[in-house]
Structure formats: C-alpha cells, structure tokens
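S.K.: So the chains spell out like this:
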Amino acid sequence: QWATLRIQKGANKPRPEMQKVPSNGIIERDETPMEKEIARLHQADFEFSDIFYFCRKGFEAIVEDEVTQRFSSEELLSWNLLTRTNVNFRYISLRLTVVWVIGVIVRYCFLLPLRITLAAIGIMSMIVGTTLVGQLPNSRVKNYLSEMVHLTCSRILVRALSGTIRYHNKENRPQKGGICVANHTSPIDAIILTNDGCYAMVGQVHGGLMGIIQRSTVKACPHVWFERSEMKDRHLVMKRLKEHVADKTKLPILIFPEGTCINNTSVMMFKKGSFEIGGTIYPVAIKYDPQFGDAFWNSSKYNIVSYLLRIMTSWAIVCNVWYLPPMFREEDEDAVQFANRVRSAIAHQGGLTELPWDGGLKREKVKDTFKEEQQKNYSKMLVRNGSV
Amino acid sequence: SVSHSQITRLYSRFTSLDKGENGTLSREDFQRIPELAINPLGDRIINAFFPEGEDQVNFRGFMRTLAHFRPIEDNEKSKDQNGPEPLNSRSNKLHFAFRLYDLDKDEKISRDELLQVLRMMVGVNISDEQLGSIADRTIQEADQDGDSAISFAEFVKVLEKVDVEQKMSIRFLH
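Protein chains in written order, with UniProt numbering: chain A, 1 to 388; chain B, 1 to 174.
Next up, chain A with everything else stripped away, as it sits in the complex (with noise of 0.2 Å):
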C-alpha cells in the first residue's frame, strides 16, 4: 500500500535530535509517607516542624503534578517535525526550517485533501450501504452483509487517517455476547478496533452528521443509543446492557470505561458500571506511538473538527492493540476491585501507569474525602504520641 511506504519514507527522513526534557518530572518528587517524614525530634505529639511537611507537598503539586498532565498531550524527546508537539520551540538552524516547510506543504497540501476525500467515501458507503442492509429482515445474510460494510468502511476511514496499526494476540478478540473494554484517548480507538471486528456501539444519540451515522447503522446491526435523557436513568442504561449481553446472539458491546480522553501516558479509574453488568469481560489495551502524529484529544482545547483536521494533518496514526484473555468476576471480588484488576491487566500491558485519579478530574473538582483521609492520618498521628 502505497500509503504505507509514505509513512517509511518519512520515517527515515533524518530527525534531528533536540534535547528536550524529558517528560518523567520536572522534579525529585520525595515518595517518603507522612509517618516517616514527621519524625520527632523528642517524644512530643506536635511540632511547628509538622507543617513543614504538608508545605513542601503542596509547593511540589504545584511545580508539577500528577494529574494535570495526563490532559494535555504528552511531550516528545526528539521533535517530529510538527510544531504543535514542539512546546518550547525554538529557532535551531536553517536546515531545520526547510524541511519542516516541506513538511508542512506535503502534509497540507498532498496529504490532508487525499484524507478528507477518503474520509467522505467512508462516511457516504457506511450510511448507504448499512441503510440498504437495514432494508433487509433479520437474517443470517443480513448479519454477513451488516459485518461486511462495517469492517470495510472502517478499513476505509483508517486509510483516510493513515492509520497504521498492529494486532497482537488476535486469538483473544471478545466474543459475541461479551463486553469490550478499552482505555480511551480519542474518539479515533472505535474506528481502529471495529478495523479487525465487529462490536455493537453505545453511546448517546447526536444531532447532525453523527446522528445519521447513528441510525443507519443501527438498522443493520444492533448497536445501542441512548437518548440524552435515558443516559441519566442509571438503572435503565444498565437494563439494556445486560438485556443485550444476555442475547448471545448479539456482537459484543465497546466499552471505554475511563469515561474520558486521556493522553495515552496512564490509565485512570474505571467507572464500575461497566463491570456491574456481568458477562465476560475482554480487556484491550491501544497505545498510540506519538512519533507519528498526536492522537489525544483535548476537548477542552479543541473542538472536534479541530481535532480531526490535525489528525489528517499528522503524519500518521501508529498503535498498537493487544487483545488480553478474558476476565471474569470471581466471587469474592466487587466492581470496584474487579474493575482495578482489569485497569491494572490493560495498563501492564500497554505500558502505561496506572492513577488512584478519577478521568473525571478533568472537569471537575476533587472530592473532600481524600483530603480528609490526610486530615486522619495526621490525627492519628498527634494522639498516638502525646500523652494528651
């Protein structure tokens, strides 16, 4: 394909190696706990030294934490020629700028309108062909025909990205009547997993574009949107999730349990819904190489045909999926510890750290309870000393 000869050939464009800093803290971070660090001097329970502590935490926070970063795109330790991924950029040399002109008129003026066409056919045969399959009743030939559009349109529309992905252990792709669990860093991992299979959507109806999208494909194949207003009724969304899963007769549903987009460096709590279900559970991990192009969406930064247009203006999109064998829930485990476990099995596997953080940070403040876990443990600490 000749497309993936574009990528090589860029590839082995000479990249110029500038130092950056890299992106594992900009400071010694002292893991040493409370207990340890509040060492006594003499066998009194408080100390004006005590605060010493809690400051040099907060001003560590401060210069750098964990959390925030995992909403803005990761860094690169030597530069892809992109600009966008170049924060501290600066004027190197002549020979530098030249070929990232280059760059630039390749990318903008040959690379991207090649995508958007492809992009235009893929969305046009996905409504069409899913609508004229949807005229068909129910049958085996109706499932063939309904899988056949999908994968090919989403062959199409990865093309339309150059997208160049790998699959590893295919022997574990999730089974029909099963839940596909994945972690989320752009709206671009549906289309990259129903490349190799297909999967019953769930998400909430949109208006426009996406909206027609929506209900033509539902008519093919049964994927599962929620209205605005049933996404809050908690217990209806679930009836219908395990309505589904039951019928072992329907395609397994995707799942992005984070909730969120998150840069692809870490892995964030699970939401626990998903994992009340029941049924199997196939966890998939997808790391994006960021070499080629920036595939995280920061949706408080960009809006979504921003974000697509630099995606078509990136050189490529490189990933790399494991499927994991399944997972069930044991018996003596709950949603919550269950849902570690298999936060822990996607982060393992594809490299990334895993956060105690909720994705839901992002938009919202921390809840007091961690902040009163801290209060505790200092307590303990005053009243087990002092002979108060």
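These are calculated hints, taken from the structure and not from any lab test.
Be aware that one or more of the hints could be misleading.
[As the list claims (entries may be wrong)] Straight-line distance between alpha carbons at most 30 Å, and here's what the computed DSBU-like set of lysine-lysine pairs gives:
#, chain 1, residue 1, chain 2, residue 2
1, B, Lys-108, A, Lys-376
2, B, Lys-19, A, Lys-365
3, A, Lys-376, B, Lys-167
4, B, Lys-157, A, Lys-232
5, B, Lys-167, A, Lys-367
6, B, Lys-105, A, Lys-242
7, A, Lys-371, B, Lys-105
8, B, Lys-19, A, Lys-271
9, B, Lys-167, A, Lys-301
10, B, Lys-19, A, Lys-380
11, B, Lys-167, A, Lys-380
12, B, Lys-167, A, Lys-232
13, A, Lys-142, A, Lys-250
14, A, Lys-287, B, Lys-19
Quick caveat, the model's predicted, so the values are computed rather than measured.
Given the coordinates of chain A, assemble chain B onto it according to the supplied hints.
M.R.: Relative to the frame of chain A, chain B by itself:
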C-alpha cells in the same frame, strides 16, 4: 541561580495552569490541582502566592514565591555578599513557614492562630479540648518572653535543630 531551562519549564507550567489565558493565576487555578486541593493546608499555601488584598498573581510573583524552595546549595555558586539575602536562605525559609501560621500577619503566632492551623491539619478527628491542650503545651514550650504568643525569634529558636534546608527545598532533576 535558576537555569534557563528551569524557567522555561516553570513558565510552561504557569501557562498550563492559567486557564483564563490572561497571564495571571487566580486562586481557582491553583484549586484545580487535585494534589493541592486535598492538602489540608492547601488554602494557606495558595494564599502565600497572593500579596495583600490581591486576587491575581503574575509569573514574576509566582517565581518569587517558588524561589523560597530552591535548595540552599544553589547559593554557593553566586556569592553575592553585598546583595539582599536570597529568598531561599534558611532564615527566609523559616519566615515563610512562620507566615503560614501567622494568619493576621502581625509577626506573632497567637494561641488562636495556632488552633486554627491545627484544626486545618487534623480535620474533625480531634476534639476541641485535646487540640486546645496541644496548642497550650506547644506555646508554653516555645514562649520565652511570656507573652503567650510566638514571635519569629522564638520560632527560629524552637526549630534550630531541624534540617530546614532539606525539608523546605525542591530539587529540579535537570
């Protein structure tokens, strides 16, 4: 002194916290950092950035406050004997901590102020009486001139054996 790359890094951090994109940070911008929001003394720390009566801090103010946490070794390189005392000297670090306790900025830590800060640190887990007696004992031990309040000099005396430099410093990795 602070290297060019460190300043660039901190500026990058400043702009990423500045959601309003107007070149200054407000208290809400700080509150958005989860690890800071759950810190029992978070509000006091945030307060340290804002000069009296102001609600916005610019990058210069941001750096000034952060400068208190530079390791003291850095000063070895710039021996400016005649200049003003650097912000990260031991004395200034202690004064910074002192100001965290001194809520009304009258250069004295009263019993009441100490109680309030203690309450922030322990939450609801210790009763008023217990907390009161902790505060009393602490003041009694440190108070030398008998005014039932701690002045900066008394504060320094109490902490003379503590390795302030190590506890109140943040090291950059590069």
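S.K.: Each hint needs a verdict: does it hold in this structure or not?
M.R.: Results of checking the hints against the structure:
Restraint check: the Cα-Cα separation between Lys-108 (chain B) and Lys-376 (chain A) comes to about 28 Å, which is no more than 30 Å; the hinted pair holds. A hinted pair counts as satisfied when its Cα atoms are at most 30 Å apart, and Lys-19 (chain B) with Lys-365 (chain A) qualifies at roughly 15 Å. For the given pair, Lys-376 (chain A) sits about 22 Å from Lys-167 (chain B) by alpha-carbon distance, which is consistent with the 30 Å threshold. In summary, the hint linking Lys-157 (chain B) to Lys-232 (chain A) is not supported, as the alpha carbons are separated by about 60 Å, beyond the 30 Å threshold.
The straight-line distance between the Cα atoms of Lys-167 (chain B) and Lys-367 (chain A) is roughly 28 Å, inside the 30 Å bound, and the hint therefore holds. Restraint check for Lys-105 (chain B) and Lys-242 (chain A): not satisfied, since their Cα atoms lie roughly 61 Å apart, outside the 30 Å limit. Taking the CA atoms of Lys-371 (chain A) and Lys-105 (chain B), the gap is near 26 Å; set against the 30 Å cutoff, the hint holds. Between Lys-19 (chain B) and Lys-271 (chain A) the CA atoms are separated by roughly 27 Å; this keeps the pair inside 30 Å, and the hint holds.
Distance check on the hinted pair: Lys-167 (chain B) and Lys-301 (chain A) sit about 37 Å apart at the alpha-carbon level, beyond 30 Å; violated. Taking the CA atoms of Lys-19 (chain B) and Lys-380 (chain A), the gap is near 38 Å; set against the 30 Å cutoff, the hint is violated. Annotation: proposed proximity of Lys-167 (chain B) to Lys-380 (chain A) holds, straight-line Cα distance about 22 Å (limit 30 Å). For a cut-off of 30 Å, the pair hint linking Lys-167 (chain B) to Lys-232 (chain A) is broken: about 48 Å separates their Cα positions.
Using a Cα cut-off of 30 Å, the hinted pair Lys-142 (chain A) and Lys-250 (chain A) holds, with the two alpha carbons roughly 13 Å apart. For a cut-off of 30 Å, the pair hint linking Lys-287 (chain A) to Lys-19 (chain B) stands: about 28 Å separates their Cα positions.
Checked against the numbered hints above, the structure breaks hints 4, 6, 9, 10, 12 and satisfies the rest.
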